[in-house]
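Modelling step: build the complete structure from the supplied sequences, incorporating the hints.
For the sequence shown, the numbering used here assigns the number 21 to the initial residue and increments by one for each residue that follows.
Keep in mind that the hints were calculated from the coordinates and are not lab data.
If you're wondering where the values come from, they're calculated on a predicted model, not measured in any experiment.
Don't take each hint at face value.
DMTMM-like cross-link-like pairs, simulated, lysine to aspartate or glutamate; straight-line CA separation at most 25 angstroms [said to hold, decoys possible]:
#: 1; residue 1: 117; residue 2: 87
#: 2; residue 1: 227; residue 2: 290
#: 3; residue 1: 86; residue 2: 280
#: 4; residue 1: 86; residue 2: 67
#: 5; residue 1: 227; residue 2: 195
The calculated label-pair distances, taken between Cβ atoms and stated as ranges, are [unchecked claim]:
#: 6; residue 1: 270; residue 2: 87; range: 24 to 30 angstroms
#: 7; residue 1: 224; residue 2: 116; range: 32 to 38 angstroms
#: 8; residue 1: 156; residue 2: 116; range: 17 to 23 angstroms
#: 9; residue 1: 244; residue 2: 139; range: 25 to 31 angstroms
#: 10; residue 1: 276; residue 2: 87; range: 20 to 26 angstroms
#: 11; residue 1: 157; residue 2: 118; range: 17 to 23 angstroms
#: 12; residue 1: 57; residue 2: 244; range: 17 to 23 angstroms
#: 13; residue 1: 211; residue 2: 84; range: 44 to 50 angstroms
#: 14; residue 1: 139; residue 2: 202; range: 21 to 27 angstroms
#: 15; residue 1: 276; residue 2: 63; range: 36 to 42 angstroms
#: 16; residue 1: 256; residue 2: 101; range: 23 to 29 angstroms
#: 17; residue 1: 254; residue 2: 118; range: 27 to 33 angstroms
#: 18; residue 1: 212; residue 2: 159; range: 37 to 43 angstroms
#: 19; residue 1: 266; residue 2: 116; range: 21 to 27 angstroms
Idealized CB from N, CA, C, for every residue including glycine.
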Amino acid sequence: MVRAVVVVSGVAVLLLALVWGFQRRLIYLPTTAPVPSAGTVIPGARDVELHTSDGLVLGAWLVPAKEPGRGITVLVASGNAGDRSLRAPLAQALAAKGMAVLLFDYRGYGGNPGRPSEAGLARDARAAYRFLVGEVGVPADRILYYGESLGAAVVTELAAEHPPAGLVLRSPFVDLASVGHVHYPFLPVRTLLRDRYRLTRHLAEVKVPVTVVYGSDDSIVPSTQSRAVAEAAPRLWRLVEVAGADHNSPALLDGEVLTDAVVDLADQVDKAP
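Right under this line is the structure:
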């Protein structure tokens, strides 16, 4: 009996050690191969480089607005999977509505150097912001941040440091541990997590208008999580539910309800004194 308990305890410790060591492989699911040139995917887009504070050079695409442009640029922070080419339809849809778009890949994604982590992704988002403000010359009050799932946490932290004109959070979660507990209820996720992405903690410091968009049937980030984020926003502008949509449903990738929510926030920015 004692031996059985020792064996079971040993297996549990081994399992926890494996989860600790390999957890980032569960969180970050990049397409690591280089992406095509911007112009071959989105006519008129151009390849640009972002320089992080720890010395990495990241690839990105700058997509111009269709004329007549409205003088607003959307900084898009992707979710945890794929690369920026998967967000090309979103960029094209927003550009068609008169907004320029910056699509960038995090470290370790889309042929970029480095390995992803919470601190690393925060550096990458800051590099994207510096590029738009410092190199392109876009005023901060003409930039919208758009964050998809994990990217919602990334841009919320960025917004707390460098306020934009507005913030769009698509399928956001309260913090990563809350989502992890849903999918791995048998593990002490909150104790084990190295990258925590405490979105609502940073959101408390964000004083710009916030729009939250989520799917009612999201199987990855429960809709209750996204609604809780909306409730925590100091300046919630709109809460938009996409009926019947799962986490990666087309309606939440570049659908009309989603893009109209971005346009609506841009309209609010234009009306601001």
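Going through the hints against the structure:
1. 117 - 87: holds (9 angstroms)
2. 227 - 290: holds (17 angstroms)
3. 86 - 280: holds (16 angstroms)
4. 86 - 67: Within the cut-off at roughly 18 angstroms; holds.
5. 227 - 195: holds (19 angstroms)
6. 270 - 87: 24 to 30 angstroms: At 27 angstroms between Cβs, range holds.
7. 224 - 116: 32 to 38 angstroms: holds (35 angstroms)
8. 156 - 116: 17 to 23 angstroms: This hint holds: roughly 20 angstroms between Cβ atoms.
9. 244 - 139: 25 to 31 angstroms: holds (28 angstroms)
10. 276 - 87: 20 to 26 angstroms: holds (21 angstroms)
11. 157 - 118: 17 to 23 angstroms: Cβ of residue 157 to Cβ of residue 118: about 18 angstroms, so the range 17 to 23 angstroms holds.
12. 57 - 244: 17 to 23 angstroms: violated (41 angstroms)
13. 211 - 84: 44 to 50 angstroms: holds (47 angstroms)
14. 139 - 202: 21 to 27 angstroms: holds (24 angstroms)
15. 276 - 63: 36 to 42 angstroms: violated (22 angstroms)
16. 256 - 101: 23 to 29 angstroms: Once the Cβ atoms are compared, 27 angstroms apart, the range 23 to 29 angstroms for residue 101 and residue 256 holds.
17. 254 - 118: 27 to 33 angstroms: The hinted range 27 to 33 angstroms holds for residue 254 and residue 118, with Cβ atoms some 28 angstroms apart.
18. 212 - 159: 37 to 43 angstroms: 42 angstroms Cβ-Cβ, so the 37 to 43 angstroms window holds.
19. 266 - 116: 21 to 27 angstroms: holds (25 angstroms)
Consistency note: the structure conflicts with the earlier hints numbered 12, 15.
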